[in-house]
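Protein chains in written order, with UniProt numbering: chain A, 1 to 235; chain B, 1 to 235.
Because the hints were derived from the structure by calculation, they are not lab data. Positions of the beta carbon are idealized from the N, C-alpha and C atoms, including for glycine. Treat the hints with caution; some may be incorrect.
[What the hints assert, rightly or not] One side of the interface only, derived from the structure: several residues of chain B facing chain A at Cβ under 10 Å: (1) 46; (2) 49; (3) 51; (4) 85; (5) 93; (6) 96; (7) 116; (8) 170; (9) 172; (10) 174; (11) 181; (12) 194; (13) 227; (14) 231; (15) 232; (16) 234.
Protein chains: 2
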Amino acid sequence: MSDKHLSTQFDAELSGISTRVLEMGGLVESQVVQAVHALTNFSGEIASVVLQGEERVNQMEVEIDRDLSAIIARRQPTARDLRLLIAISKSIANLERVGDEAARIARTVQRLLNSGVSSRLRLPVADLAFESELAIAQLRKALDAFARLDTARALEVLKQDDQIDQEFDGLLRKLITYMMEDPRTISSSIDLVFVAKAIERVGDHAKNLAEAIIYVVKGTDVRHTSMQNVEDAVR
Amino acid sequence: MSDKHLSTQFDAELSGISTRVLEMGGLVESQVVQAVHALTNFSGEIASVVLQGEERVNQMEVEIDRDLSAIIARRQPTARDLRLLIAISKSIANLERVGDEAARIARTVQRLLNSGVSSRLRLPVADLAFESELAIAQLRKALDAFARLDTARALEVLKQDDQIDQEFDGLLRKLITYMMEDPRTISSSIDLVFVAKAIERVGDHAKNLAEAIIYVVKGTDVRHTSMQNVEDAVR
Numbered sequence: 001m002s003d004k005h006l007s008t009q010f011d012a013e014l015s016g017i018s019t020r021v022l023e024m025g026g027l028v029e030s031q032v033v034q035a036v037h038a039l040t041n042f043s044g045e046i047a048s049v050v051l052q053g054e055e056r057v058n059q060m061e062v063e064i065d066r067d068l069s070a071i072i073a074r075r076q077p078t079a080r081d082l083r084l085l086i087a088i089s090k091s092i093a094n095l096e097r098v099g100d101e102a103a104r105i106a107r108t109v110q111r112l113l114n115s116g117v118s119s120r121l122r123l124p125v126a127d128l129a130f131e132s133e134l135a136i137a138q139l140r141k142a143l144d145a146f147a148r149l150d151t152a153r154a155l156e157v158l159k160q161d162d163q164i165d166q167e168f169d170g171l172l173r174k175l176i177t178y179m180m181e182d183p184r185t186i187s188s189s190i191d192l193v194f195v196a197k198a199i200e201r202v203g204d205h206a207k208n209l210a211e212a213i214i215y216v217v218k219g220t221d222v223r224h225t226s227m228q229n230v231e232d233a234v235r
Numbered sequence: 001m002s003d004k005h006l007s008t009q010f011d012a013e014l015s016g017i018s019t020r021v022l023e024m025g026g027l028v029e030s031q032v033v034q035a036v037h038a039l040t041n042f043s044g045e046i047a048s049v050v051l052q053g054e055e056r057v058n059q060m061e062v063e064i065d066r067d068l069s070a071i072i073a074r075r076q077p078t079a080r081d082l083r084l085l086i087a088i089s090k091s092i093a094n095l096e097r098v099g100d101e102a103a104r105i106a107r108t109v110q111r112l113l114n115s116g117v118s119s120r121l122r123l124p125v126a127d128l129a130f131e132s133e134l135a136i137a138q139l140r141k142a143l144d145a146f147a148r149l150d151t152a153r154a155l156e157v158l159k160q161d162d163q164i165d166q167e168f169d170g171l172l173r174k175l176i177t178y179m180m181e182d183p184r185t186i187s188s189s190i191d192l193v194f195v196a197k198a199i200e201r202v203g204d205h206a207k208n209l210a211e212a213i214i215y216v217v218k219g220t221d222v223r224h225t226s227m228q229n230v231e232d233a234v235r
């Protein structure tokens, strides 16, 4: 009876942590959406909003990690729960990095505005918007898979990662062409190259989240293995 | 007596894990050194050696993580030991990323060689070598601080991180100048921009390691805080 009670309390703590991870995930997702919005609209105001939100992301990482350590120290988690707790700790590090990428994009927008390049800069808006939609969709799907501990959905994220990489390569080629056509845009185009890279990394972080989910549910570490291995683990 | 015995065994396990982390650290350090060497000497052979080593780095990450989970599940670590184990888990993720950066540089060398640009490419060898020496020194210092759990040394790493960032900015400006002078070099110069970025990130990972060491020894999470706060925590 007492064990039951303890276990229920532990479950409540776990579910509380999971809720906060999803909250943090929602926040960084919105940070990325807004950062891309700031860029495609050349809005310094929206960029400022993103930079103000960065602090909150960082704070959530520190807070959730503190709670995790407290839970592990207080309880004696089972192997599966422990996997979940460690995976959460790594996952929030990934989410914090997504927040970093959003802030990086926002700072780029401010720099572009300050250097007054907006008139000359050929912004591949459609491509940037498409790449970021892919990355945000991946992040959302990974968070959704985390919420339901849904490995099939996590597998989808892993399978779709290549698409963002291809989109990034295409964008890079386009930016190189712009630079060659008008070398005066080189400096600002390089800024956009880093934006495209930041978006690609958001996709990478979503992939890391997806791998963590499979590890939690199946106990199999699928990092650095072939897609065939991952599919076998999920099945 | 039995407790003493158990605790001694646990200490041995901990120290075994630490040794392997340092081994992994030595491996990724050598991967970075060789990758930069491959670039500055335009050597496809050395680049291949780096790419062959990547698998071993990935494998070590997975193995150490597995051992960590096994130890935590089997023992009931004290709060301090638990901090150490979680910090190790995050640290090896950082080390693996250092290995990724080395592989990225090696792949760039191969691409540059395949596209036959070597004759036209103005390689800012001295600057790249200097930036990478800084980054490698930071990584070495962080690993050294980890081996001795030396927070003063970890603090040095945090204080010196800005220097690499400045070096990166200078290198970026130089590459932009090259591109403007000869737009035919844009494509390969962009490759070098990413190399410079990869080296800068090695420095970032060293910084993350240093923060983990302070967390383990002092119990204070110094991520996302001011240098004053970090100094207070270490003192």
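Going down the list of hints, with the structure as the test:
1. 46: Given a least distance of 23 Å, the restraint on residue 46 (chain B) is violated.
2. 49: violated (19 Å)
3. 51: At about 14 Å, which exceeds the 10 Å cut-off, the nearest Cβ of chain A leaves the hint on residue 51 (chain B) violated.
4. 85: holds (9 Å)
5. 93: holds (6 Å)
6. 96: Interface hint status for residue 96 (chain B): holds (8 Å vs cutoff 10 Å).
7. 116: With a minimum Cβ separation of about 17 Å from chain A (threshold 10 Å), the hint on residue 116 (chain B) is violated.
8. 170: Hint on residue 170 (chain B): violated, closest Cβ of chain A at ~14 Å, above 10 Å.
9. 172: holds (7 Å)
10. 174: Constraint on residue 174 (chain B) not satisfied, violated at 12 Å.
11. 181: Holds: closest Cβ of chain A sits about 9 Å from residue 181 (chain B), inside 10 Å.
12. 194: holds (8 Å)
13. 227: violated (15 Å)
14. 231: violated (18 Å)
15. 232: violated (16 Å)
16. 234: At 17 Å from the nearest chain A Cβ, residue 234 (chain B) fails the 10 Å test, so the hint is violated.
In this structure, the earlier hints numbered 1, 2, 3, 7, 8, 10, 13, 14, 15 and 16 are contradicted, and the remaining ones agree with it.
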